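Peer 1: Next come the chains, spelled out residue by residue.
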Amino acid sequence: MFKQLQINYRQALAETTSLLCVSTLLIFLVSMVVFIAFQGSQYFIPKLAYNVTIDFADGRQDVFYQSSALDSRSLKAQIDSRYLGQYLSSPQNKPEVEVRLADDVYQVMSESGRVYFGEFHALSSSDQMNLPLSELSSLLNTVALLQNNLQQVQNGKLKDLHQSIALLNSKQVADDTPARKAQMKEFERWQGHVTALEQQILQYRMQLKQANGDLISLALNDLDYLYQPNQLDTFDKLHFTFSKIGQFVSDKPKQASTAGGVFPAIFGTILMVILMAVVVAPFGIISAVYLHEYAPNNKVTGLIRIGISNMAAVPSVVYGVFGLGFFVYTLGGSLDQLFYPQSLPSPTFGTPGLLWASLTMGLLTLPVVIVSAEEGLKRVPQGLRAGSYALGATKFETIIRVVVPMASPGMLTGVILAIARAAGEVAPLILVGAVKFAPNLPVDSDFPFVHLERQFMHLGVFIYDGAFHNQTQNQSSSLMFATCMLLLIIVFSLNISAILFRHRLRHKYERA
Amino acid sequence: MLKLFEREILSVDEISQAQTGINVRDLCVHLNSKLVLNNINIRIPKNKITALIGQSGCGKTTLLNSFNRMNELNKNHQCSGEVWIQNRNIYNRKERISRLRRQIGMVFQRPNPFPMSIYENVCFGLRIQGENNRRKLDDSVERALKNAALWDEVKDRLFDSAMLLSGGQQQRLMIARALALEPEILLLDEPTSALDPLTTLYIEELINELKKQCTLVIVTHNMQQAARVSDYAAFMHRGELIEFSDSDSLFTMPAKQQTEDYITGRYG
Chain A
102 MFKQLQINYR QALAETTSLL CVSTLLIFLV SMVVFIAFQG SQYFIPKLAY NVTIDFADGR
162 QDVFYQSSAL DSRSLKAQID SRYLGQYLSS PQNKPEVEVR LADDVYQVMS ESGRVYFGEF
222 HALSSSDQMN LPLSELSSLL NTVALLQNNL QQVQNGKLKD LHQSIALLNS KQVADDTPAR
282 KAQMKEFERW QGHVTALEQQ ILQYRMQLKQ ANGDLISLAL NDLDYLYQPN QLDTFDKLHF
342 TFSKIGQFVS DKPKQASTAG GVFPAIFGTI LMVILMAVVV APFGIISAVY LHEYAPNNKV
402 TGLIRIGISN MAAVPSVVYG VFGLGFFVYT LGGSLDQLFY PQSLPSPTFG TPGLLWASLT
462 MGLLTLPVVI VSAEEGLKRV PQGLRAGSYA LGATKFETII RVVVPMASPG MLTGVILAIA
522 RAAGEVAPLI LVGAVKFAPN LPVDSDFPFV HLERQFMHLG VFIYDGAFHN QTQNQSSSLM
582 FATCMLLLII VFSLNISAIL FRHRLRHKYE RA
Chain B
61 MLKLFEREIL SVDEISQAQT GINVRDLCVH LNSKLVLNNI NIRIPKNKIT ALIGQSGCGK
121 TTLLNSFNRM NELNKNHQCS GEVWIQNRNI YNRKERISRL RRQIGMVFQR PNPFPMSIYE
181 NVCFGLRIQG ENNRRKLDDS VERALKNAAL WDEVKDRLFD SAMLLSGGQQ QRLMIARALA
241 LEPEILLLDE PTSALDPLTT LYIEELINEL KKQCTLVIVT HNMQQAARVS DYAAFMHRGE
301 LIEFSDSDSL FTMPAKQQTE DYITGRYG
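Which chain is which? The protein sequence lines are A and B, in order.
Position one of the first sequence corresponds to residue 102 (the working numbering), numbered consecutively onward.
Position one of the second sequence corresponds to residue 61 (the working numbering), numbered consecutively onward.
Check before you lean on any hint, since a few could be wrong.
Pair ranges (Cβ atoms, derived) [stated by the list, open to error]:
1) Pro383(A) <-> Glu132(B): 26 to 32 Å
2) Pro383(A) <-> Glu202(B): 35 to 41 Å
3) Glu74(B) <-> Gly484(A): 35 to 41 Å
4) Phe440(A) <-> Leu133(B): 46 to 52 Å
Keep in mind the hints are simulated off the structure, nothing from the lab.
Everything numeric in this text was worked out from a predicted model, so none of it was measured.
The beta-carbon is built from N, C-alpha and C at its ideal position, and this holds for glycine as well.
Starting from the given sequences, assemble the full structure and let the hints guide the process.
Peer 2: Shown next, in the form of structure tokens:
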């Protein structure tokens, strides 16, 4: 009786303990995803604008507009807590904080990513002052037209003149020849035109009244969009959210990576990962085929296998250091000396860049690909090989026509896992080519179109940068979380597609 | 005993050189440093069905595999002696192994269709040879499938996956796959051991038809099957050939005591 109880008790214990572990794990996973999704979504959701008044004990008064996702009471508590520590020794001097919804306030987003708050005061054009807000769209049209003119002049006439003068320069025509003088005169005339246009554009401005009554004036050509955050209805909010998401995936970062979008990082990540896959997939698969099909089954092969498994366990930063030392300095340096001696000592390939980052990540993920490709090869039944041999196929033909197609699910899984790993890696990338802001994309319209030597942006590095260098600003941390969410989505969808792919191929090849 | 066909069976000693399909002389095979075949001498008659019987591990499959050199897939393998097929010693150094295997088809115990369509399975061997002419492939596939009595069942779905076929159909597909290369010899390694009795009967009939085209060697554990199907039978025990004669005499009045014990089920 007692023994029976003991056995039951043990069984129950084993069951509940394992259940507890799994549920704890599940709670951690889900809460991580929910936390990141919540924090990240803050970046896309319109926030309310508040008028905050702080009366200090010495009579000073601070009035400003603040945007926040919190309600007015929580915002007040937040600001109060800021002064709590400061005035801990003299609580009677603690400033009075008053928080009100600022209903009429406009939030203005500038092209450069800066955000302005203020009540609308006036618009002004080149010849009129104190225009009402209803004139905004016509003024914006005018500005756009002027901008267009400016661009035409700059890209058309001015550029042509510039080139012809450069041509004269290169032919070493003297400064005082009539032809050159005429050209210079023409050039100056157009230059003056451009300056006048720029001046004119800058005269179109908007004045906003800040909370403390000061006026700020901003040029309309810098204006991205404006809205009244406290007067949005549901449809407006949705529209705002979606346009913000669109901007997030298509725009470049602004204001030192606190605003704007992450398109260059997405682009850089994808390009790096594709390059890596192109390198690592054939290399890894061919190595696996050799190891599994051709290599003699002896101690050396075993040692090689152990070595490969251990390569997977080497810390990634070590790969980064290796990439820097070998790829960047040694390989890149010699490439520079061989092919780009004219631009030395400034390096072309001898500096961290996209190509070296891809190769380093390829090396880092090679063990993953080899191990899973070998797993795939192991799953091919011996009978199939025998069947192929019996029909007169050579070993090579058997491998190409029967073994590799059947092992393709495993191989594909390896490659996609490698891609997911490379998409999320940070430490080695910082060393071999990823930067927090790259002025140019690695692909553009200049010959040779793909610039493998350029530095690039990467989502993981972007998050790292956001986490460590912009901790204080609310807006930037939500951009960081939004990027985290994006990275999670990318890695999850890659893994899910790996599973689906494997399932499909297995269905095709292993249905017995 | 059920006899499906009229037979014209010579006794083993009367088989002439011209009527010999496979001539094995002093064949010894070591696998994994173990003697598996010990000095085998056998002349397998042409266009007849020869059954190899014996208990598990007696070397039947190894003997079968040595006819198309499949033993060499095992790296730890040694072999001495000669196997003559059509006046060629297949263990000669100059013999091209892939050419040899094209002439000698093989069907395994478990059907092992490739993960491709039925059509591609049948023309796999031809494609390996570099035959890409669509019309020739079509012809060969049709002929092979008809010979393997599978054509009527699959002619409407030639491009479906071969994995979708039933076990018996798959095994006939394996026969068709071997026949597409028009082999002189067809080796069958327990071809019906994974199939139900009715399908087995079907395949036995098929085998009987096939002896018009090629020499057949079949390994089987099923005494009834061996008696039903084969013209000649060889009994092996522990790597040695104990007795080889026409099936009628081997199954009705075996010369050796060991053979009698085995076929009557007293041991093995």
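Peer 1: None of the hints should be skipped; say for each whether it holds.
Peer 2: Here's how the hints hold up against the structure:
no.: 1; hint: Pro383(A) <-> Glu132(B): 26 to 32 Å; result: holds, 30 Å
no.: 2; hint: Pro383(A) <-> Glu202(B): 35 to 41 Å; result: holds, 39 Å
no.: 3; hint: Glu74(B) <-> Gly484(A): 35 to 41 Å; result: holds, 39 Å
no.: 4; hint: Phe440(A) <-> Leu133(B): 46 to 52 Å; result: holds, 49 Å
Figure legend: structure checked against the earlier numbered hints; every hint is met.
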